[in-house]
Each structure stands twice: as structure tokens, then as C-alpha cells.
Amino acid sequence: NLTISPKPEETDAFLIAVPTPFYEDKQGEYEGRKYRLADMRAVVSATEAILPCLREGNLVILESTSPPRTTVDLIKPILERSGLKAGVDFHLCYSPERVLPGQILRELIENARVVGGITPESAKAGHDLYATFVKGEIIETDATTAEMVKLMENTTRDVNIAIANEFARLAEKFGVDVWEAIQLANLHPRINILNPGPGVGGHCISVDPWFFVETAPELTPLIYHARQVNDEQPHFVVEKVRQALGSLEGKRIAALGLAYKPDVDDLRESPATEVVHLMQKEGAQVKVWEPFKPEAQIKGVDMATDLESALAGADLLLLLVKHTEFVNFNPSEIAAKTEARLVLDCVNGWDADQWSNAGFKVYRLGVNR
1 NLTISPKPEE TDAFLIAVPT PFYEDKQGEY EGRKYRLADM RAVVSATEAI LPCLREGNLV
61 ILESTSPPRT TVDLIKPILE RSGLKAGVDF HLCYSPERVL PGQILRELIE NARVVGGITP
121 ESAKAGHDLY ATFVKGEIIE TDATTAEMVK LMENTTRDVN IAIANEFARL AEKFGVDVWE
181 AIQLANLHPR INILNPGPGV GGHCISVDPW FFVETAPELT PLIYHARQVN DEQPHFVVEK
241 VRQALGSLEG KRIAALGLAY KPDVDDLRES PATEVVHLMQ KEGAQVKVWE PFKPEAQIKG
301 VDMATDLESA LAGADLLLLL VKHTEFVNFN PSEIAAKTEA RLVLDCVNGW DADQWSNAGF
361 KVYRLGVNR
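Using this note's numbering, read the sequence shown as starting at 1 and increasing by one per residue.
Since the hints were made in silico from the structure, they are not lab data. Watch out, some of these pointers could steer you wrong.
Unchecked claim - Derived lysine-lysine pairs resembling DSS-like cross-links, with alpha carbons at most 25 Å apart: (1) 124 - 76; (2) 7 - 34; (3) 361 - 337; (4) 26 - 337; (5) 7 - 26; (6) 85 - 135; (7) 281 - 299; (8) 7 - 76; (9) 361 - 173.
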């Protein structure tokens with residue numbers, strides 16, 4: 001029952017789910033803090049494309065992650081150019097997409113769904129549409145609240161990761177193992193510190209906080225600085241590489257993992273890519289092995305065709321992503337495949353004692369002892 005058309009056609013419901021990237025050539029600024037600006041042109045274009053087809057009784061739902069008030073301040077005025085009044089002649093909603101890469105169909109059906117209407121009647125219309133395939137709970141609210149829900153979820157995670165990354169830096173300063181400290185702190189029943197790492201990636205967590213900063217820079221210094229901490233984390237990783245190798249000029253590094261999170265093939269906004277580029281700028285020769293996307297073509301990144309080619313001639317093994325395959329490496333078997341005897345574990349994926357016993361000198365992010 002699926003048909004594909006180059007332009008919208010008359011129907012009962014329209015769902016807008018297009019990208020909302022950032023401008024590459026301009027930024028906002030508030031009190032010296034520069035922040036990214038959302039490029040809403042795709043949303044505007046998709047909304048305008050609906051105009052010739054919009055009829056009384058229709059339902060329009062925006063699913064694209066957007067700054068707060070996009071539905072009422074941007075989408076609604078465009079659609080009302082049709083001569084129809086939103087919330088009276090047609091229904092208008094916002095419902096955020098909240099699915100994991102690799103689990104999209106299952107989560108579209110099973111996850112709870114927030115549906116925000118510009119009127120209660122619009123929210124009910126959106127509820128009825130999603131109820132035809134969603135098995136999870138469907139919660140009705142207003143459009144701006146629904147927009148904030150998605151942004152709050154990912155912003156909270158970004159801020160919490162930033163705190164973990166700062167803890168890793170503090171642990172190195174004070175000679176503490178951050179992984180042990182986090183484990184012990186999390187024994188407290190009301191504490192749940194996340195894990196540090198090489199940064200934050202993906203198309204949501206590293207992106208969504210900027211929508212808050214853009215729309216209210218005067219109210220979001222914490223969110224802004226959390227973004228700065230996480231964006232700077234690849235530099236902290238490279239400092240650790242220097243600690244292990246000294247000058248990076250001419251050094252060969254086998255980088256393990258390029259995805260933004262474990263066991264997925266999604267490379268969007270991956271901090272591992274930034275780590276690779278930074279090391280290359282200092283003269284390192286970096287070979288990357290990403291088993292979930294070995295055919296990936298990333299500008300300026302030398303992708304290995306297999307693990308062996310990444311390890312060949314390496315001076316250091318750099319664990320950037322906690323893929324299960326990497327965690328399960330037998331260090332003695334790896335030692336037989338490479339002359340490298342230095343490893344840097346950025347994600348607490350390897351048992352330091354096991355790797356040491358196999359002849360490797362082990363460096364760990366968040367550990368300086």
C-alpha cells in the first residue's frame with residue numbers, strides 16, 4: 001500500500017519528517033558565546049509543498065526535530081496561506097520521532113508517543129492516526145510542549161555526558177581511575193553518572209541542545225557549556241595519544257571504531273572522526289577499522305578493509321568505540337597480529353591487566369597512574 005510521488009497529493013494526513021541541519025556558513029552569538037543556527041529551509045519547503053493539497057478536515061503533523069514554537073510560529077502561518085485556519089479548518093500537530101538506529105520499525109510501533117496539537121482537537125486527531133499502528137502509550141499535549149520533550153531528552157543526556165567527561169579530566173589531574181570512581185559513586189541509590197568517552201555524536205544528542213541555545217541564548221549557559229565540553233573532548237583524547245607516543249609526526253595509529261555509539265553503523269557527527277582528523281593534523285598516519293561500515297567513505301579518513309590491515313605497522317591501538325567485537329578481543333591474539341605494544345582505551349572496553357599480561361602498555365582515558 002506504499003506509493004511514492006515526486007510531490008504531495010491530496011490525502012487525509014500529511015507527515016513532515018525532513019532534516020533540520022545547521023547552517024555551515026553562519027552562527028549566532030550572545031555575550032561572546034557562538035552557537036549554531038538551525039537551517040529550517042527543508043521544513044519550510046515541505047510545508048509549502050502541502051499548500052495546494054490542503055483541504056478542510058486534513059491533519060498535518062511535523063515530526064522533524066525543531067526549535068521550540070516551530071509548529072505555531074513557522075508551520076501554522078505557512079499553512080494558513082491556504083485560506084484555511086489551523087485548529088479550526090484543519091488539524092496541526094507536532095510529534096517527535098524517537099527511535100534508535102537499527103531499531104526503527106520496532107520502536108516506531110512499540111515506543112510511547114507524544115502528540116502535541118495546537119488545539120486539544122488537533123492532538124486527538126494526531127492520537128487517532130498514530131493509534132492505527134503504535135502499540136505504546138500515546139500521550140496528548142500541546143505542540144510546544146511536545147517540541148520541548150524531544151529536546152529535553154537529548155539535552156539532558158548531553159549535559160550528563162559533559163559532566164562525566166569533566167570528571168575524566170579531573171580524575172587524571174588527581175591520579176584517580178575515573179571508571180572506578182564512577183562505579184563507586186553509582187552505588188548511591190540516587191546517583192547515576194554516565195560514562196565518559198571521546199565525545200558525543202549522532203544526529204540527536206550532539207545536535208538538539210543547540211535548538212535551545214539558538215532560541216534562548218540568555219537562558220542556556222549550562223547547555224551551551226556542556227556542548228563546548230563535549231565538542232572539546234576529542235582534543236583531550238589526542239592529548240592522551242601524545243602521552244603515549246610523544247610527537248605524532250610519522251606515527252602509525254590503528255583507530256578502532258568510527259560509529260557514534262557501540263554496535264551501530266551510524267557515523268553521523270561521530271567524535272571518533274574528529275579524533276582521527278586531529279591526529280592527522282599532527283602528522284600521524286591513521287588507519288581506521290569500522291566493522292559495522294567497512295565500505296564507508298569519509299573525507300580525509302583512511303578506512304581499513306579489515307582488522308589486519310588496520311593493525312599492520314601500527315605503533316598504537318586506539319579504542320574509540322565500545323563495539324562488542326572489540327571488547328571481546330583476545331589480547332594475546334591481537335599481539336600476534338601487530339608489532340604495536342601500546343594501547344589507549346577511551347571507552348573502558350578492555351581489561352587493563354589482561355592486555356598488560358599480553359605485553360601491552362595500557363593507557364586509559366580518565367586514568368593517569
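Status of the hints after comparison with the structure:
no., hint, result
1, 124 - 76, "18 Å, holds"
2, 7 - 34, "37 Å, violated"
3, 361 - 337, "16 Å, holds"
4, 26 - 337, "47 Å, violated"
5, 7 - 26, "30 Å, violated"
6, 85 - 135, "32 Å, violated"
7, 281 - 299, "14 Å, holds"
8, 7 - 76, "20 Å, holds"
9, 361 - 173, "20 Å, holds"
The structure does not agree with the numbered hints 2, 4, 5 and 6 stated previously, though it agrees with the rest.
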